[in-house]
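Enquirer: From first to last, the protein sequence lines are chains A and B. With the working numbering, letter number 123 in the first sequence gets 123, and the count goes up by one each step, no holes. In the working numbering, each number is its position in the second sequence, counted from 1, plus 1000.
Mixed in with the good hints there might be a few duds.
What the hints assert, rightly or not - Lysine to aspartate or glutamate pairs mimicking EDC-like chemistry, simulated, CA-CA at most 16 Å apart:
| id | chain 1 | residue 1 | chain 2 | residue 2 |
| --- | --- | --- | --- | --- |
| 1 | A | Lys117 | B | Glu1286 |
| 2 | A | Lys117 | B | Asp1029 |
| 3 | A | Lys117 | B | Glu1316 |
| 4 | A | Lys258 | A | Asp281 |
| 5 | B | Lys1327 | A | Asp281 |
| 6 | B | Lys1255 | B | Asp1190 |
| 7 | A | Lys117 | B | Asp1247 |
What the hints assert, rightly or not - Computed, partial: chain A to chain B, Cβ under 7 Å:
| id | residue |
| --- | --- |
| 8 | Gly137 |
| 9 | Ala141 |
| 10 | Thr146 |
| 11 | Ala147 |
Unchecked claim - Derived CB-CB ranges, DEER-like:
| id | chain 1 | residue 1 | chain 2 | residue 2 | range |
| --- | --- | --- | --- | --- | --- |
| 12 | A | Glu64 | B | Glu1281 | 28 to 38 Å |
| 13 | A | Gly14 | B | Gln1251 | 24 to 34 Å |
| 14 | B | Gln1251 | A | Ser151 | 30 to 40 Å |
| 15 | A | Val55 | B | Tyr1108 | 49 to 59 Å |
| 16 | B | Ala1320 | A | Arg110 | 20 to 30 Å |
| 17 | B | Glu1281 | A | Val55 | 25 to 35 Å |
| 18 | A | Glu64 | B | Lys1022 | 46 to 56 Å |
| 19 | A | Glu121 | B | Asn1122 | 46 to 56 Å |
| 20 | A | Ser151 | B | Arg1317 | 29 to 39 Å |
Keep in mind the hints are simulated off the structure, nothing from the lab. Note that this is a predicted model, so its numbers are computed, not measured. Each residue gets a CB set at the ideal place from its N, CA and C atoms; glycine is no exception.
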Amino acid sequence: MVEGTISEWKAAEGALIQKGDAIMEYENEKNTIEYESVHGGYLHILEPAGETVEVGRPIAWVTETKEEYDALTGGGAPAAAESAPAAVPARQTAPAPAEAPAPQGRRHVRATGLARKMAREAVIDLADVPAGSGPDGRRVAARDVTAYLESRRAAPAAASAVPAAVEDEVTAIPWTGVRKTIARNMMTSLQQSAQCTAMCEVDVTELLALRRKLVEGEAYLGCRVTVNDLLCMAVCKVLKNHPTVNATFDGKTLYSHKHVQLSLAVATEGGLMVPVIKNADTLTLTELSLAAKDLGRRARDKALRNGEQSCGTCTVSNVGMFPIDMSTPILNPPEVGIFGFGRTTRKPGYLPDGTLAPREMMWVYLTFDHRVVDGLEAGKVFKDLQYLLEHPQLITA
Amino acid sequence: MKVPYVKAINDALKEEMRRDGKIVVYGEDVAEFGGIFGETRGLLEEFGPKRVRNTPIAETAIVSSAVGAAITGLRPCVELMYADFTMVAFTEIFHLVGKWRYMHGPEYKLPLVIRCASGASNGAGSEHSNVVESLFMHAPGLTIITPSCAYDAKGLLKSAIRSDNPVLFCEPKQLYQAKQEIADDVYGSDYTIPIGVADVKRPGRDVTLVAIGLMVPRALEAAEKLSAEGIEVEVIDPRTLAPLDTDTIYQSIRKTHRAAIVEESGKTAGIGAELIARFQEEQYDELDGPVVRIAALDVPMPYNIPMEKYAIPDVERICASIRAMMK
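Bound conformation, chain A alone:
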């Protein structure tokens, strides 16, 4: 974790807080976390909600007495000796993501204090304002800002002479926290691995029949088994036989895992979450079903705990609820494989005896890192997976 975004201050400015109070909620790269104060006292907030703050920078002061708080907020310097800055705890929740590229060096703009204030209030970049003041005409003064603002106002007015000009509305959405991390991870993934997607259409008529029987046994099993549970179980079985796909790769070494740490792609309003079912290959179908349900629900509730989104070895992404046949999912680094399952469609199919019959067909696809998984291995994976899905009794065997 290198920075966090303050989502909400739960305690108000100046409030008397107790040690252990949840005073603030912040988003790190993967999660929203409550921050409990390690000091009691009067809270003086330095960084408002919405700010993204690097780890280690003070976000608030907690003073022991009201007098210190008044001194602090009355314009005086922070009484550092008596108060302790509360900083975002620098808990490492995952391998630290690659540093974002350093922001571009800002060109110094020669401008007066008033011009800077006006630019700040008008939300314009002073570098865009043509300078025309000062002894050499290179300083931006208030009148230059005024002229620039007037010219900007004049420009759309001129354009409005064109008939039926519809005024557009642009909303600027800061891409922070989880969103920012997803963006960075997606880009890093595509830039730093050789991704290749293969697919095949599988007859899942038998699988769906099996699932219907399992649903009938819901009361006995204690859970309602989903198609996705069966697919995950099948993937675990296949991965046990293909250790190079149940692996992570750092560019130098391929780390092949004995057990399957199965990442589940969960779409939430807050963005894509990828909780991990630990040692999924050791679980029974009902255990796996319960684990997947629990993680999915908590991902949507932003209640995942630290570590529950890390150390996956392969991912499953199911878009079967949408009218999508197939996609080319993006690898979740450092994993080298991500399985995808599309929607199920009823199609005419030939039975072994040559007769035509309606069949439930599903696209199954796999994006793999071609640096470490070659076509032969991917082919074998598909062969096994197709066989399992078309002979679903083997999945739970």
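Starting from the known structure of chain A, arrange chain B on it as the hints suggest.
Expert: Showing chain B alone in chain A's frame:
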């Protein structure tokens, strides 16, 4: 009536001495001679030699004895003649006068006024032409007053004498004979002007010009000229340099967004230097260009009168500086 500045000083002294028997006046040539500029004329005759007396040419003794008199119950209003001679009593003014109320506790009051005649006066030379406010602005505990017209001089000297804190009261020599029209009933009304309150001498929207002492009438003349060119200058006279009425000045800066200071003292480490430092610290976002100092040249004041005039800001130099700011 037309009141000369020196008469306002003289009347303020007389009126206060009539009001309070504890007020004493002493200094070089203040008694029979009535002061070299005539400020103390008639005091000896009215108040007698116990309350008005000449001293030897010993500024150290004048100030230190006045400190003693002040903390033991009198209210001395002493005169050092030329402001340059404050240097002879620098230790006393800097250490005793400014600090003793702080050092010795609340039971000691220090109702002392030190008057001096400051600035250039037609060839008095470099040891008799100094303006000393900026030197003493560095001394904690001193009140420093420089009135620029008869009305202010009378009202402020009365406030200075009534104050329980020590005051350095600077009177620009070239203003002594300057006359101001003041209504009789106002002049005779025992009015006072509060210490620490600046006066907007002329309102204007374009530039805030802080002018001190002798420079106030020149700034007003310059403002009149510039107004004809379309530049409206707001002239502010702080009147009291310590404590400084920044509220009034900042209110003006927030209106005009440009500021200049005109003073009779040298530019380096002068009054303007301190004011600019405060402006940029406290009004940075309001300033639309560098704050300009219009001040005397950093030279020993020449006794040659044309050169003396050249060394001190005049109306033309003020106008030129303000015009340059508006480019």
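Enquirer: Evaluate each hint against the coordinates.
Expert: Do the hints match the structure? See the list:
no.: 1; hint: Lys117(A) with Glu1286(B); result: holds (8 Å)
no.: 2; hint: Lys117(A) with Asp1029(B); result: violated (57 Å)
no.: 3; hint: Lys117(A) with Glu1316(B); result: violated (33 Å)
no.: 4; hint: Lys258(A) with Asp281(A); result: holds (9 Å)
no.: 5; hint: Lys1327(B) with Asp281(A); result: violated (79 Å)
no.: 6; hint: Lys1255(B) with Asp1190(B); result: violated (34 Å)
no.: 7; hint: Lys117(A) with Asp1247(B); result: violated (21 Å)
no.: 8; hint: Gly137; result: violated (9 Å)
no.: 9; hint: Ala141; result: holds (5 Å)
no.: 10; hint: Thr146; result: violated (10 Å)
no.: 11; hint: Ala147; result: violated (13 Å)
no.: 12; hint: Glu64(A) with Glu1281(B): 28 to 38 Å; result: holds (31 Å)
no.: 13; hint: Gly14(A) with Gln1251(B): 24 to 34 Å; result: holds (30 Å)
no.: 14; hint: Gln1251(B) with Ser151(A): 30 to 40 Å; result: holds (32 Å)
no.: 15; hint: Val55(A) with Tyr1108(B): 49 to 59 Å; result: holds (56 Å)
no.: 16; hint: Ala1320(B) with Arg110(A): 20 to 30 Å; result: holds (24 Å)
no.: 17; hint: Glu1281(B) with Val55(A): 25 to 35 Å; result: holds (33 Å)
no.: 18; hint: Glu64(A) with Lys1022(B): 46 to 56 Å; result: holds (51 Å)
no.: 19; hint: Glu121(A) with Asn1122(B): 46 to 56 Å; result: holds (52 Å)
no.: 20; hint: Ser151(A) with Arg1317(B): 29 to 39 Å; result: holds (37 Å)
In summary, the structure is inconsistent with hints 2, 3, 5, 6, 7, 8, 10, 11 from the numbered list given earlier, while agreeing with the others.
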